Amino acid sequence: MHDMAAPAAHHHAPPTGFIRKHVFSLDHKVIGKQYYALALVAAFTGMVLSWLMRLHLGWPNLAIPGLHWLTKTGAPGDLMTPDFYLQLMTMHGTIMVFFVLTTAPFAAFGNFFLPIQVGAEDMPFPRFNMMSFWVTFVAFVVLIASFFVGDGPTLGGWTQYAPLSAVGSVAGPGEGAGVVLWAASIAIFCIGQLLGALNFITTTLDMRTKGMSLLRLPLSAWGWFITSCMGLTAFAVLLPACILLILDHVAGTSFFVASGLVVNDQLQPHSGGSTLLWQHLFWFFGHPEVYIAIVPGMGIVSHILITNMRRPMLSHKALLYSMWALAFLSYMVYGHHMFVSGMNPFSALAFSFPTLIITIPSTVIVLIWIGSLYGSRLRINSASLFSLGFISMFVSGGVSGFFLAQPSVDIMLHATYFVVGHFHLVMGVAAMFGIFAGTYFWFPKMTGRMMNETWGKIHFWLSFVGAYCIFMPFHYLGIMGNVRRYAQFVDDYLQPVLGVHKFITVAAVVTGAAQVIFICNLIYSRWWGPKASVNPWEATSLEWSIPSPPPFDNFGGKHPVVYHDPYQYGVKGSQGDYIMQDSPEASPTGTSG
Amino acid sequence: MATTVHEPPKIESLPDRNRLGEGSAGGGGPRSPIPAGANLQAVHDHSSPASRTGVWVAIAAISMSFAAFTSALVVRQGGSTDWRHLALPRILYLNTLILLLSSITLEVGRWRFRRWTGGTESQRAGAQRALYATFALGLLFVGGQYMAWLQLKAQGLYLATNPSSSFFYVFTAIHGLHVLGGMAGLLYVIRKLGTSALRRGTLDAASHYWHFMDILWLYLLLVLWMKL
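Line order of the protein sequences matches chains A and B. Going by numbering that gives the first Met the number 0, the first sequence opens with residue 0, and the numbers climb by one from there. Going by numbering that gives the first Met the number 0, the second sequence opens with residue 0, and the numbers climb by one from there.
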């Protein structure tokens, strides 16, 4: 909301020292890269943890050399104990959901590109923005620290159900200090994301440049804006929940522990708390969190596909409103995580309806993607391939959601590998593919160099086939009655599926190893890749109108003026079949304004 | 959100809008950039500066947090047999009056600030005095809340004694922390006013937040007092 005549509205001068430039930077672009690096480290950590779990599931008697380095008591003779398996599982889930799926698609790309796409020189509160990253970093350190404190990290799962999570170390290894560190880490993380959401919302509402009306925002910017609205309300609920959980541990209060509870033959001193209260508070955050992970990916993928299809989506507005509908409905469905929690069956029914309704906007979004792709001459590159992969994973994982949305079916499938397969595909792998797509697409702008396309495509095909090999058999296992969160499957009735577990483990190790290609490509291209031009993909949005990488103040102290809707493709422009948003030339479709 | 959508052609003819926020409310004071005969309605900046939007975003987040706390209280109070309702310390009502009074002094400060723009030095000092008074009352409020804790402690009511005292300590502590945040905002405003660099948007943001702390406290008092 600036005028051309207004003085250049720098909030801060370009920094000169190393610390201000690269460490405690106020520049949204540096902060975005910092978030990306954090997500990369976290993703690698989470992946290694999942390898350890998979190895144990496939070969329960296998000693994993060096495992005892990670734990004091959990791996006698490098053989994993069930407790340690659960600790690894909890850390895998927490790291992946919070520090990868929330930080990379939303905080990393959003920080770097949201201000540029709206035509601003920075976010309105750069200091909060810097705090947002460093607070998140501290949260990650606190979480990892729990490996080295007391008897290791908590084993309660990323959902930390009470009373297990609230009674203290009597409940098992890591349930004392481990839970406190977990809850502290997540509470700190919430503060970081709230600060981030504050910046994202105000950037979108107040920092748009001249001519950038809301409907002229690219879909990626919409994805980040919708996500920040969800994050603001969801993390604001998880934060109090974590505070109450910590108090149950350190101050002896009884928020989540019922009276008369006996754990490991010891009567608990707590009285009268509500165990379901934690589930309500957690899932009120937890379900929107799933959409926090996926909606930025939807925006990113739409943005990339449109650029490579060379034509806009069938309906820009229907896609946009469906994303809003997803965000809105995500608050009304959280009870479907609690169908078997012992809550009133009528409320289960009440939560089942919106859960089925939420498939409508999801389906609308997918149909618009597929309908727009139909008959288009898609430019095949790593970014567009990963975008197609995103859609594939989202659909495959989403279809199993129909089954789980019905309480009667869910009672059978709840807490089996069917659920694990469902959420890994629909939110985990899909969001990861969104991150990869965004990386291949925006890497030239972020670093000024191109990534290697051949290796990008090899990376895609290995990841695509590998992800299906890992997660499709999960559904089969679930229908077989294979429960989740068990450290070993050597019971009689699960003996026959051990072969499937071995196959999944091999697939997981191979697919994980394939990510080394990506890392090498990333590092090599960062320093030695071919130089990127200003607009290598011939895209229309504002980030492609400035040098690669962008200068400190993005637009060189000027405010761009936007004349067009975001996706003017398939038209006769002066540079080709597209017209940039800030190009004053007239558009034949009559949308200039 | 609707207020921030703007049609670019309309703005094109307008004077420098960024400076408008610093000046008077568009009334054509000595520093007003509005040319004679301009359409005042159009010149009024309907888009809010980021600090003003930001404070509403913060208020939304804080409201969500306290909604979560309240629902926890409702569940905990309704579903248990061990709830012994706390008799609120009397001093809370005095604290409430102090906090309400601070809102009034803040409004006095804002009113003086609006009048000062382009005026004399003594008027600015008046605005500053009112803001200092607000800050002092805020400090008094926080001190009063601490007194309430001491009174409860004297009765043997600690954080873990009973769920009702647990919620009392949690609510007052977290509200108190937010009030301290508001006082930091006030100090920032006072400092900016001292160097004549205070923008209307900043003052508005700080005062919206401060009034919200008032309303939030009245709400919390009601929730803690009420027996469900």
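Certain hints may be false.
Derived list of chain A stretches under chain B, where covered just means 3 residues or more per stretch with a C-beta under 8 Å from a C-beta of chain B [claimed, not checked]: (1) 192-198; (2) 237-246; (3) 277-289; (4) 447-461.
Sample of chain A residues facing chain B (criterion: CB under 8 Å; computed from the structure) [unchecked claim]: (5) Pro-123; (6) Phe-124; (7) Pro-125; (8) Ser-253; (9) Ser-258.
Quick list of the computed label-pair ranges, beta carbon to beta carbon [as the list claims (entries may be wrong)]: (10) B:Tyr-145 x A:Val-40: 39 to 49 Å; (11) B:Lys-226 x A:Phe-43: 45 to 55 Å; (12) A:Ser-258 x B:Gln-150: 37 to 47 Å; (13) A:Val-40 x B:Arg-190: 36 to 46 Å; (14) B:Arg-190 x A:Val-339: 29 to 39 Å; (15) B:Leu-87 x A:Pro-75: 50 to 60 Å; (16) A:Leu-377 x B:His-207: 44 to 54 Å.
These are calculated hints, taken from the structure and not from any lab test. Quick caveat, the model's predicted, so the values are computed rather than measured. Note that CB positions come from ideal geometry on N, CA and C, so glycine has one too.
Comparing the hints with the structure gives:
Coverage of the segment 192-198 of chain A by chain B holds. Counting CB-CB distances below 8 Å, 3 residues qualify, and the rule asks for three or more. Check result for the segment 237-246 of chain A against chain B: holds, 6 residues qualifying (beta carbon to beta carbon below 8 Å, three or more required). For the segment 277-289 of chain A, the stated coverage by chain B is satisfied: 3 residues place a CB nearer than 8 Å to a CB of that chain, which reaches the threshold of 3. For the segment 447-461 of chain A, the stated coverage by chain B is not satisfied: 0 residues place a CB nearer than 8 Å to a CB of that chain, which falls below the threshold of 3.
Annotation: Pro-123 of chain A was flagged as interfacial toward chain B, and the flag holds, the nearest CB pair being 3 Å apart, inside 8 Å. Annotation: Phe-124 of chain A was flagged as interfacial toward chain B, and the flag holds, the nearest CB pair being 6 Å apart, inside 8 Å. At its closest, the beta carbon of Pro-125 of chain A sits 11 Å from a beta carbon of chain B; the interface hint therefore is violated under the 8 Å criterion. A hinted interface residue such as Ser-253 of chain A counts as satisfied when its beta carbon comes closer than 8 Å to some beta carbon of chain B; here the least separation is about 6 Å, so the hint holds.
For Ser-258 of chain A, the interface hint holds, since its Cβ comes within 8 Å of a Cβ in chain B; the closest pair sits about 7 Å apart. The beta-carbon spacing between Tyr-145 of chain B and Val-40 of chain A, approximately 42 Å, falls within the hinted interval of 39 to 49 Å. Judged by the Cβ atoms, the range 45 to 55 Å given for Lys-226 of chain B and Phe-43 of chain A holds: they are separated by roughly 53 Å. Here the CB-CB span from Ser-258 of chain A to Gln-150 of chain B is close to 28 Å, at odds with the stated 37 to 47 Å.
For Val-40 of chain A and Arg-190 of chain B, the Cβ-Cβ distance of about 39 Å falls inside the hinted range of 36 to 46 Å, so the restraint holds. Checked against the hint of 29 to 39 Å, the pair Arg-190 of chain B and Val-339 of chain A fails, with Cβ atoms roughly 57 Å apart. Range check, Leu-87 of chain B to Pro-75 of chain A: about 55 Å between beta-carbon atoms, so the 50 to 60 Å window is met. At roughly 49 Å, the beta-carbon separation of Leu-377 of chain A and His-207 of chain B lies within the given 44 to 54 Å, and the hint holds.
The earlier numbered hints that this structure contradicts are 4, 7, 12 and 14.
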